[in-house]
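Work out the full structure, taking the sequences as your base and the hints as a guide.
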Amino acid sequence: MKFFTRVLFALLGIAALAPAVTPFAQTKAEGTTPVHWRLLWKTDPAHEATVSWNTAVEGETSLVRYRSADGEHTGEVVAQRNGKFTGRGDALHYHHARLTDLRPDTRYDLTLETDGETKSGLWFRTAPAEDKEIELLFGGDSRSSQRDRQLMNRSMAGLLHERPKLLGLAHGGDYVATGRSLEQWTEWMSDHELTTTEDGQLLPVIPARGNHDVGELFGEVFDYEDDRIYFATTIADEIRLITLNSETVTGGDQAAWLEEELQESRPEHRWLLAQYHRPLYPAVKVAGRALRDWVPLFEKYRLDLACEADGHCIKRTVPILFGKPDPEGVVYIGEGGLGVGQRTPKSHLWYLDEGGFASRGNHVQLLHFSGDSLHYESLGPDGKVLDEHTFEARSEEEIEEALAEPAMAP
Amino acid sequence: MSSPAAPSVDTLWLVRLVLRVTVALQCVGLARLCWLYGTPIFSLLWGEPELGGWGWSEAAALQVENIAAWCLCVSALIVLVRPNWPLLLLVSLWFTLVGAAATWVGGDMLSELSVPEQATRIFAPICLAMIDPRRVSTSTEPKRWPSVWVTFARIAVAVTFAAHGWKALCLSPTFIDYILAASQDLVGYAMSQSTAEEMLWIIGVVDMIVAVLILGIASPWLAGYMAFWGFITAASRIVYAGWAADYEFLVRAANWGLPLALAIYWSTSKKFIRTSDVNESL
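Protein chains in written order, with this note's numbering: chain A, 1 to 410; chain B, 1001 to 1282.
Be aware that a few hints might be false.
What the hints assert, rightly or not - Which bits of chain A does chain B cover? Going by a derived footprint, with three or more residues having C-beta under 8 Å, they are:
#1 83 to 91
#2 337 to 344
Claimed, not checked - Pairs of lysine-lysine, DSBU-like flavour, derived with a Cα cap of 30 Å:
#3 A:Lys165 <-> A:Lys119
#4 B:Lys1167 <-> A:Lys84
#5 A:Lys285 <-> B:Lys1167
No lab work stands behind these hints, which were simulated from the structure alone.
For each residue, glycine too, the CB sits at the ideal point set by N, CA and C.
Shown next, in the form of structure tokens:
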């Protein structure tokens, strides 16, 4: 279809499109040598993790050996899911080894192996299971500018190295521009290696789906086996991060699940967050479809923070409740700057006006949870603080009052 | 073979009026979209050259959209008052570029179907260009009425319905959300997602069937149904998102306007249909 598009433009006398430059992948897979490693978290990062990597040749046996820092907890897990990535181009095979029964807040050294070829020297830390001061990164849209993506990846590796409380990255989607392009995914996975610190620490990723992440490759890269891709993650006992899927039906089953999830989680967690791709209070584009299905639920259950992407800018709204500013409302941050051209936000919008923030520039958002405070910073590639704000945890009385109110449409 | 009777002056005036209003509405809808949120043309102009974009600055790309929006508004006025084929061809060309750019940008389920989905709005101006300059003879010897626009209209309507039908059969999440919202807002019934999926599948089958039928059967009832359904589905955007989504309804005017024009044309020229029109049209 791209070829057809180009022919159409040429026939219509439009100046020729700039020739597409084939992206250069840094790490090329060879034989059964593990490359493109990634560490994935889903629902229980204190006890579970998926170690993923690629090889050029599938091989007979792919496994992970893990060892806790004190040497007392060791194991070997054969990759439960292996296969060839969908798509044309150089053959590339994925391996997903799902580790369970891990110890919380523990360093694990890893060795990846496929048919005797190994990659060692990698490690990660599981999330704590108890209430503890932790940090989380949020970002999205790493899809278009390889240079900027590599810059941001290195920046995140630097943060991981410098900040011992930093646990992982919640990614709001749009990893590549063309979801069905194995070439682009290969490049992304290769660039993702840059998030690994010099001493081998992996940055765990909690991946959401973006609108450009169409097709089967997304599930093959991140070990999702169906299109559902919405779930909740408990971090350090008091933080509940709900990953939603703005690219599937936002009403129906997902909305029903979300309501049930919020109903259960709100009373049990000090902090309730959501991440998804299409913004509901956007700074640039039109609001996502989920505006009518999710916002009433967010507001009814007093979500603390909604993390959004897609808009390619930096934004933090005022607290919003029932379509207007309210100190008890939900704040929406975003909107994607991990490697994509940045847009100029519409700062005049009421929810970005006084008390809110809007700007542009590559960035990642750092969430620092400490007791009853959540300190948020939007950091540029050089670590410069572009925006910051502190949230206080909602009181039990506030939450009880909110739960007694009916949900209202925005 | 006897000469077919030409449609009356009143009928053709009505067909021309429907097409003028249709094209004007779609121009206004696209202009609003340009101003509010931008179109895929912006993404193409601003996109990274490594990925096939033109690498323009944001300001330059927005300026193109702004100029296009004003041109579309002016075109809407001209189309209503005094349409002419060069302008209509330009309008058709711009809508074609928007559809092609949407395919290039991607980022949606089946975005490769963007051009077929938008076939009606691409061809509506062309059909108007074909039909408008001609005048009906008032002499007792009725002239042969050109039917090329009918062929184009049938193909465009068929392609649009087939493309939407295919998306429905693929259970487009957007379409499912629209059905759920319509059920809740209009009827007060909280439909389950599985029921909505079943309904959508049936809708998809019907869309595919009528898309095929319109190519072979010159029936005003068939075209009338397609006009009705095109209107309903265009209006579903407003049901879902409120009047803030009016541009979504306007830009889809041809989804109901073009089949409506066919319905009017066929309903008032039965003799035309029974003689040679079908053969000529096909």
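Each hint, compared with the structure:
Only residues whose C-beta sits within less than 8 Å of a C-beta in chain B count toward coverage, and the region 83 to 91 of chain A has 0 of them, not enough to reach three; the restraint is violated. Given a C-beta distance limit of less than 8 Å, the hint that chain B covers the region 337 to 344 of chain A holds, as 3 residues qualify and 3 suffice. Between the alpha carbons of A:Lys165 and A:Lys119 the distance comes to roughly 26 Å, so the proposed pair stays at or under 30 Å and holds. Of the pairs offered as hints, the one joining B:Lys1167 and A:Lys84 holds, with about 28 Å between alpha carbons and a cut-off of 30 Å not exceeded.
For the hint pairing A:Lys285 with B:Lys1167, the CA-to-CA distance comes to about 24 Å; that is within 30 Å, so the pair holds.
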